[in-house]
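Undergrad: Chain by chain, the residues run as shown.
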Amino acid sequence: MAGRVWEIIQSDAFSRALGEHLRLSAWALLVAILIALPLAALVSQSPLASFLAINISNVGRAVPSLAILALALPFLGLGFRPSLLALTVLAIPPILINAAIGLREVPASVVESARGMGLSTGQILTRIRFPIAAPVIFAGLRTSAVQVVASATLATFIGGGGLGGLIVRGLQRNSPEYQLAGAIPVALLAISTELGFAALQRLATPKGLRISSRTRPA
Amino acid sequence: MGDELIRWRWVRNNLGDQILPALWQHVVLCAVSVLIALVIAIPIGIYVTRHRSLYTPVTFITGVLYTIPSLSFFAMLISIGIPIGRTPAIIALVAYSLLVLIRNVVVGIDSVPRETLEAARGMGLTSRQILRQVELPLALPIIVAGIRIATVTTIGVATIAAYIAAGGLGDLIFRGIDRDFSTQIIVGAVLATLLSIIADFGLLAVERQLRPWSRRRAARAA
Numbered sequence: 001m002a003g004r005v006w007e008i009i010q011s012d013a014f015s016r017a018l019g020e021h022l023r024l025s026a027w028a029l030l031v032a033i034l035i036a037l038p039l040a041a042l043v044s045q046s047p048l049a050s051f052l053a054i055n056i057s058n059v060g061r062a063v064p065s066l067a068i069l070a071l072a073l074p075f076l077g078l079g080f081r082p083s084l085l086a087l088t089v090l091a092i093p094p095i096l097i098n099a100a101i102g103l104r105e106v107p108a109s110v111v112e113s114a115r116g117m118g119l120s121t122g123q124i125l126t127r128i129r130f131p132i133a134a135p136v137i138f139a140g141l142r143t144s145a146v147q148v149v150a151s152a153t154l155a156t157f158i159g160g161g162g163l164g165g166l167i168v169r170g171l172q173r174n175s176p177e178y179q180l181a182g183a184i185p186v187a188l189l190a191i192s193t194e195l196g197f198a199a200l201q202r203l204a205t206p207k208g209l210r211i212s213s214r215t216r217p218a
Numbered sequence: 001m002g003d004e005l006i007r008w009r010w011v012r013n014n015l016g017d018q019i020l021p022a023l024w025q026h027v028v029l030c031a032v033s034v035l036i037a038l039v040i041a042i043p044i045g046i047y048v049t050r051h052r053s054l055y056t057p058v059t060f061i062t063g064v065l066y067t068i069p070s071l072s073f074f075a076m077l078i079s080i081g082i083p084i085g086r087t088p089a090i091i092a093l094v095a096y097s098l099l100v101l102i103r104n105v106v107v108g109i110d111s112v113p114r115e116t117l118e119a120a121r122g123m124g125l126t127s128r129q130i131l132r133q134v135e136l137p138l139a140l141p142i143i144v145a146g147i148r149i150a151t152v153t154t155i156g157v158a159t160i161a162a163y164i165a166a167g168g169l170g171d172l173i174f175r176g177i178d179r180d181f182s183t184q185i186i187v188g189a190v191l192a193t194l195l196s197i198i199a200d201f202g203l204l205a206v207e208r209q210l211r212p213w214s215r216r217r218a219a220r221a222a
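Chains as they are written, first to last, in the numbering used here: chain U, 1 to 218; chain L, 1 to 222.
Errors might be hidden in some of the hints.
Claimed, not checked - Here are the in silico distance ranges between beta carbons for each label pair: (1) U:209 x L:194: 39 to 45 Å; (2) U:209 x L:113: 27 to 33 Å; (3) L:57 x U:6: 26 to 32 Å.
What the hints assert, rightly or not - Below, a sample of chain U positions facing chain L; criterion: calculated Cβ distance under 10 Å: (4) 164; (5) 170; (6) 194.
Keep in mind the hints are simulated off the structure, nothing from the lab.
A virtual CB, placed ideally from N, CA and C, is assigned to each residue, including glycine.
Hey, can you work out the whole structure from these sequences and the hints?
TA: Have a look at this one:
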């Protein structure tokens, strides 16, 4: 059986599915970052906006991923783009929550001293607040990335391709080989995403903060 | 099948024999899974607080289980010969809950102040009595916070379990996708979302009820 699984993994169909899976995940994460980070910077200007963004995103996190993908179907139809949009929607809340919390918890005294040193609001954001919030922001990216890679498996149900297609084929044909040829790479992909982003998170922590870098809001 | 997004007549006609049974199946599947996970997680969590060196390996293993995407997890279980249906679904759902439940049992017991334990010991309570009468009751709010996260995750993942014939709200979603019938998809997806949000808020209320004395900080940290 291992031989047959390996054969499937070496096939063109597998490479295509893997390519789709990676493209879907990477684009969804990228677009979500481009939306969530500026939004977090924006809402961090006001405690009320920040509170609303965090709470709405928390409710958003409770929405099942299959529900988000399935709801894309009646409105947007089948294919890669609807899947990408659904995965992006799914990817935003964890990033937004962590970035908003991270930026909010930068001590006011630090921001004050930066202002006293003559830094502009923009400089304070990019040189002080984002670096200090970086570990928390990267924790959010990690949660989001793992969730996107996992949920991209479901894109196959709305015609978005990806490695889920192999698993579905395996389940429909009752073929353990196809099931495993999809399932094992998907699991490895999710685990390496988790480990990769954990490493990024450590690297993103400014040197001066490394000792106290154990804060990681969920 | 039909152009409108939602056909209310279909909803009315299928409420009793399709929609409510699917909702009920979903609730039962999730409740059973979270309960089994609790029965496993509580003793492991207690054991880990007494044998610290196990904390890292236990969270590592349950962390790996938690990271495996659900469709992949189901497929692996089925490929090793477990027949499709509720069994593989419950195994995977239980596995997903273990990380957060064990971690919160440990964090909860750890949160009990040392003075409280010393007072209990000074009053002559045995370790077993301290566990049951002091540590677990004081750890309860944090354990409930874990149950809340586990339940919300389980409700979401359980929708996918319908694909391997475990029933529940996912059935409506998958059947709707197959027939290209948006009403069925929307009913399934919206009910799963509502169930998840209701469970989230409901358990949050329970958690707050249990900790009138403390600020909500520990809840967020957990």
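Undergrad: Do residue 209 (chain U) and residue 113 (chain L) keep their Cβ atoms within the hinted range of 27 to 33 Å?
TA: 29 Å, holds
Undergrad: Verify the interface restraint on residue 170 (chain U): the C-beta must sit less than 10 Å from at least one C-beta of chain L.
TA: 6 Å, holds
Undergrad: Is 39 to 45 Å a correct range for the gap between the Cβ atoms of residue 209 (chain U) and residue 194 (chain L)?
TA: Holds, since residue 209 (chain U) and residue 194 (chain L) (Cβ atoms, about 41 Å apart) stay within the stated range.
Undergrad: Identify whether the interface hint at residue 164 (chain U) stands, where standing means a beta carbon of chain L within less than 10 Å of its own.
TA: Hint on residue 164 (chain U): holds, closest Cβ of chain L at ~6 Å, below 10 Å.
Undergrad: Should the interface hint for residue 194 (chain U) be scored as holding, given a Cβ-Cβ cut-off of 10 Å against chain L?
TA: 5 Å, holds
Undergrad: Hint says 26 to 32 Å; check whether the CB-CB distance for residue 57 (chain L) and residue 6 (chain U) agrees.
TA: 30 Å Cβ-Cβ, so the 26 to 32 Å window holds.
Of the hints listed earlier, there is not a single one the structure fails to meet.
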